[in-house]
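2 protein chains.
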Amino acid sequence: MKRTKVVDALCCTDFGKDITVKGWVRSHRSSKAVDFIAVNDGSTIKNVQVVINPEKFDADMLRGITTGACIRATGKLVESQGKGQTSEIQAEDIEVYGLCPSDYPMQKKGQSFEYMRQYGHMRLRTNTFGAVFRIRHNMAIAIHKYFHDHGFYYFHTPIITASDAEGAGEMFQVTTLDLDRVAKSGQVDYDRDFFGKKTSLTVSGQLEGELGATALGAIYTFGPTFRAENSNTPRHLAEFWMIEPEVAFIDQEELMDLEEDFIKYCVRWALDNCKDDLEFLNKMIDKSLIQTLESVVKESFVRLTYTEGLNILQEAVNKGHKFEFPVTEWGMDLSSEHERYLVEEHFKRPVIMTDYPAEIKAFYMKRNADGKTMQGTDVLFPRIGEIIGGSVREENLDKLVREIEDRGMDKNCYNWYLDTRKYGSCPHGGFGLGFERLILFVTGMQNIRDVIPFARTPRNAEF
Amino acid sequence: MKRTKVVDALCCTDFGKDITVKGWVRSHRSSKAVDFIAVNDGSTIKNVQVVINPEKFDADMLRGITTGACIRATGKLVESQGKGQTSEIQAEDIEVYGLCPSDYPMQKKGQSFEYMRQYGHMRLRTNTFGAVFRIRHNMAIAIHKYFHDHGFYYFHTPIITASDAEGAGEMFQVTTLDLDRVAKSGQVDYDRDFFGKKTSLTVSGQLEGELGATALGAIYTFGPTFRAENSNTPRHLAEFWMIEPEVAFIDQEELMDLEEDFIKYCVRWALDNCKDDLEFLNKMIDKSLIQTLESVVKESFVRLTYTEGLNILQEAVNKGHKFEFPVTEWGMDLSSEHERYLVEEHFKRPVIMTDYPAEIKAFYMKRNADGKTMQGTDVLFPRIGEIIGGSVREENLDKLVREIEDRGMDKNCYNWYLDTRKYGSCPHGGFGLGFERLILFVTGMQNIRDVIPFARTPRNAEF
Numbered sequence: 004m005k006r007t008k009v010v011d012a013l014c015c016t017d018f019g020k021d022i023t024v025k026g027w028v029r030s031h032r033s034s035k036a037v038d039f040i041a042v043n044d045g046s047t048i049k050n051v052q053v054v055i056n057p058e059k060f061d062a063d064m065l066r067g068i069t070t071g072a073c074i075r076a077t078g079k080l081v082e083s084q085g086k087g088q089t090s091e092i093q094a095e096d097i098e099v100y101g102l103c104p105s106d107y108p109m110q111k112k113g114q115s116f117e118y119m120r121q122y123g124h125m126r127l128r129t130n131t132f133g134a135v136f137r138i139r140h141n142m143a144i145a146i147h148k149y150f151h152d153h154g155f156y157y158f159h160t161p162i163i164t165a166s167d168a169e170g171a172g173e174m175f176q177v178t179t180l181d182l183d184r185v186a187k188s189g190q191v192d193y194d195r196d197f198f199g200k201k202t203s204l205t206v207s208g209q210l211e212g213e214l215g216a217t218a219l220g221a222i223y224t225f226g227p228t229f230r231a232e233n234s235n236t237p238r239h240l241a242e243f244w245m246i247e248p249e250v251a252f253i254d255q256e257e258l259m260d261l262e263e264d265f266i267k268y269c270v271r272w273a274l275d276n277c278k279d280d281l282e283f284l285n286k287m288i289d290k291s292l293i294q295t296l297e298s299v300v301k302e303s304f305v306r307l308t309y310t311e312g313l314n315i316l317q318e319a320v321n322k323g324h325k326f327e328f329p330v331t332e333w334g335m336d337l338s339s340e341h342e343r344y345l346v347e348e349h350f351k352r353p354v355i356m357t358d359y360p361a362e363i364k365a366f367y368m369k370r371n372a373d374g375k376t377m378q379g380t381d382v383l384f385p386r387i388g389e390i391i392g393g394s395v396r397e398e399n400l401d402k403l404v405r406e407i408e409d410r411g412m413d414k415n416c417y418n419w420y421l422d423t424r425k426y427g428s429c430p431h432g433g434f435g436l437g438f439e440r441l442i443l444f445v446t447g448m449q450n451i452r453d454v455i456p457f458a459r460t461p462r463n464a465e466f
Numbered sequence: 004m005k006r007t008k009v010v011d012a013l014c015c016t017d018f019g020k021d022i023t024v025k026g027w028v029r030s031h032r033s034s035k036a037v038d039f040i041a042v043n044d045g046s047t048i049k050n051v052q053v054v055i056n057p058e059k060f061d062a063d064m065l066r067g068i069t070t071g072a073c074i075r076a077t078g079k080l081v082e083s084q085g086k087g088q089t090s091e092i093q094a095e096d097i098e099v100y101g102l103c104p105s106d107y108p109m110q111k112k113g114q115s116f117e118y119m120r121q122y123g124h125m126r127l128r129t130n131t132f133g134a135v136f137r138i139r140h141n142m143a144i145a146i147h148k149y150f151h152d153h154g155f156y157y158f159h160t161p162i163i164t165a166s167d168a169e170g171a172g173e174m175f176q177v178t179t180l181d182l183d184r185v186a187k188s189g190q191v192d193y194d195r196d197f198f199g200k201k202t203s204l205t206v207s208g209q210l211e212g213e214l215g216a217t218a219l220g221a222i223y224t225f226g227p228t229f230r231a232e233n234s235n236t237p238r239h240l241a242e243f244w245m246i247e248p249e250v251a252f253i254d255q256e257e258l259m260d261l262e263e264d265f266i267k268y269c270v271r272w273a274l275d276n277c278k279d280d281l282e283f284l285n286k287m288i289d290k291s292l293i294q295t296l297e298s299v300v301k302e303s304f305v306r307l308t309y310t311e312g313l314n315i316l317q318e319a320v321n322k323g324h325k326f327e328f329p330v331t332e333w334g335m336d337l338s339s340e341h342e343r344y345l346v347e348e349h350f351k352r353p354v355i356m357t358d359y360p361a362e363i364k365a366f367y368m369k370r371n372a373d374g375k376t377m378q379g380t381d382v383l384f385p386r387i388g389e390i391i392g393g394s395v396r397e398e399n400l401d402k403l404v405r406e407i408e409d410r411g412m413d414k415n416c417y418n419w420y421l422d423t424r425k426y427g428s429c430p431h432g433g434f435g436l437g438f439e440r441l442i443l444f445v446t447g448m449q450n451i452r453d454v455i456p457f458a459r460t461p462r463n464a465e466f
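In order, the protein sequence lines correspond to chains A and B. Residue numbers for the first sequence follow the working numbering, beginning at 4 and rising by one. Residue numbers for the second sequence follow the working numbering, beginning at 4 and rising by one.
Think of the hints as simulated: they come from the structure by calculation, not from any bench. None of these values were measured; they are calculated from a predicted model. Be a bit skeptical, because a hint or two may be false.
[Stated by the list, open to error] Which stretches of chain B does chain A cover? Using the computed rule of at least three CB atoms under 8 Å from a CB of chain A, they are:
| hint | stretch |
| --- | --- |
| 1 | 91-103 |
| 2 | 179-186 |
| 3 | 426-434 |
Note that CB positions come from ideal geometry on N, CA and C, so glycine has one too.
Produce the complete structure using the sequences and hints provided.
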């Protein structure tokens with residue numbers, strides 16, 4: 004008989020009909036008169052209850068069906084007698100696909116996330132991680148749907164690169180040189196490396212994304228990026244996924260509209276499509292989760308300049324607010340703590356901060372007429388701080404070259420990038436969203452290692 | 004005035020209204036009485052014609068508007084007098100965003116693909132590559148939509164890995180060790196490397212994908228994979244994108260149904276959503292393109308075993324057909340030439356080949372009861388050969404361990420993978436699709452370097 008997914012079995016009211024479910028046992032309660040087996044197949048956070056008359060089945064077989072075992076259950080769909088579910092299954096036939104020995108690491112409920120991180124290959128079978136990764140999937144779908152519906156093209160920028168993008172951070176080297184041989188020979192001969200030169204893993208697809216946008220009009224990347232920073236924090240991964248849209252002919256105001264519309268779309272998608280999982284996380288992880296998501300969708304984002312933001316922070320200090328990192332003078336970089344103060348305490352809604360001092364931002368950002376500030380459009384979120392970093396790009400070739408030279412960068416490395424300004428240059432802009440930051444926000448999880456299936460961090464590349 | 008995309012301007016019949024388009028000049032023809040500027044903004048392969056009365060504009064400005072320049076044109080939308088387009092724009096105002104010097108590498112029409120590969124950052128602005136990358140986008144969207152609609156979760160498997168997946172090929176090493184220092188010190192100390200051990204770029208996400216499927220029920224990956232093979236052919240890339248669905252509780256028959264339904268969905272999506280681009284490619288690249296795509300959607304795929312396939316090939320040889328690679332005996336691996344003979348000449352439609360000799364396939368594939376063959380489900384396509392490689396996976400722990408040991412692989416490297424069979428094992432299967440192979444098929448392009456924005460091949464990591 005064709006398998007019915009648990010998510011479909013639970014909303015089916017065709018009582019009396021025979022159905023087959025297949026899945027993993029979440030719990031098995033036995034009594035003399037009746038056994039209850041809760042079966043989950045990953046299609047929903049909810050389990051379907053399989054009700055068993057122990058007289059009809061082999062006792063040894065039943066005893067073997069412990070938490071984590073995998074079974075098929077066929078039987079009659081009936082209206083549930085229990086609370087919180089509409090239907091359950093009166094078992095007529097059970098097949099055990101796989102038993103589960105008692106050393107199953109996800110056996111006990113309520114294990115710490117730290118414990119579960121050691122079993123990254125098994126934690127996927129728990130309620131929390133099921134919910135997190137169904138939501139992660141939904142956010143990816145929302146992102147693709149949003150951009151597709153708005154005429155953006157998904158654009159694959161390279162992972163292995165010979166360029167250093169924006170000097171955004173420490174890079175991993177990619178090589179086919181035999182390191183033992185390098186050590187023995189006493190020299191590094193890049194001519195013998197796969198690409199004939201030194202190559203690394205990308206830290207951002209933006210510069211290549213601009214090549215796409217200035218040809219196809221509007222593109223977005225959605226791919227892995229890498230930072231070889233030795234940061235053991237709940238905020239850092241060595242391998243993470245980024246979304247980087249780039250749009251020709253967009254100005255600063257339109258870019259802010261795009262950012263706000265886009266991120267609200269994603270959050271609304273979660274509220275509309277991940278109700279059961281969000282309710283679970285709201286109950287178990289963060290009691291204010293759904294309320295926070297709803298308020299982000301409802302409120303219009305504050306738009307304020309860096310200078311205005313700095314004034315607010317200085318006023319707060321004057322009124323006695325204590326920050327861990329001091330609020331000094333115009334030109335300082337804001338920390339996550341400062342951003343969160345503006346969002347969580349001052350405005351109580353998301354902020355798009357604009358017109359940062361040019362010196363603290365990347366070389367490709369367009370300067371305002373004042374010569375001091377640039378046309379940035381960062382989105383600051385509750386709990387997260389900066390969730391989106393965006394800007395209009397400098398489209399003037401001479402200005403861009405000057406900026407590169409002033410910063411002591413090597414112009415020759417950027418010839419292909421500068422060609423976009425040399426040949427038919429156009430005004431354009433774009434932004435970057437760290438996918439895992441979005442997932443942290445939408446799930447209420449605290450540690451970034453818990454929102455990616457297999458985290459890569461210093462000394463950790465398991466599975 | 005708000006910008007109208009060229010794709011929208013061309014199908015707008017609201018004649019007489021003022022509109023603004025922005026884009027790059029594809030051609031500029033001048034005469035005394037009138038100038039025609041064809042403008043493209045990447046939203047469609049078609050250009051919108053801007054009609055100019057030269058008396059109304061500065062002659063120097065007009066002369067500057069050469070192929071590749073970027074402009075804004077505002078004017079009245081009128082019914083086109085020319086053939087092949089419905090509307091055009093009578094320019095009232097023109098702004099030049101960026102001129103285009105005469106050394107613009109994409110100036111001339113009809114350049115070879117080889118020439119254009121050297122200008123990977125500029126070729127995106129040509130008709131052919133615009134068409135290819137709009138189709139590539141559409142195939143990605145079709146893939147996400149198909150799996151989302153069928154209850155699969157998008158699952159990010161790791162890019163940096165300490166495991167060798169299936170021994171599928173040569174791997175790139177990823178390191179933060181300073182190679183110059185390694186050379187000087189005369190030794191490689193992996194304890195000082197970022198992950199504290201030797202790590203590489205993934206060759207496949209399948210094994211981690213199985214972890215997802217045996218928890219969430221059905222997942223798919225869609226991410227970059229890497230092979231450090233020194234193959235300079237039109238078929239090989241060092242960095243390419245793979246789609247790898249994995250499904251719990253699927254049998255061989257259902258897996259074949261999934262593969263056929265999935266790939267037909269993608270091809271149908273192209274026919275339905277990429278009409279203009281396909282018509283262009285059908286005209287310029289492959290006159291049988293659309294017909295081939297249509298036939299794949301219409302015909303049901305032949306399902307035959309390796310043994311039956313081999314018999315057909317041997318019969319062909321007996322009848323005088325000459326293959327470059329000899330057809331020898333049962334157990335030989337088929338080459339692309341053999342696969343294409345079956346598909347293109349014998350059956351004249353796609354083939355799903357099953358039950359290969361277990362020895363020529365990977366360790367994780369489920370053996371049939373005969374002990375000799377395995378439950379494979381490869382899809383063979385015209386022009387491409389194998390486009391999908393799939394199989395039911397071995398779910399029995401003991402059999403899988405024996406297979407690993409028989410092949411001389413190190414069981415300890417697979418402990419996490421084997422845990423899926425130890426704890427609640429379930430029947431499951433899946434397949435892999437090389438994204439660029441699909442794009443080759445759907446676009447009619449001949450060289451895989453021309454269907455990915457920035458190709459990585461031996462000695463080539465530009466941009």
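Each hint tested on the structure:
no.	hint	result
1	91-103	holds (count 4)
2	179-186	holds (count 6)
3	426-434	holds (count 5)
The structure is consistent with each of the numbered hints, conforming to all of them.
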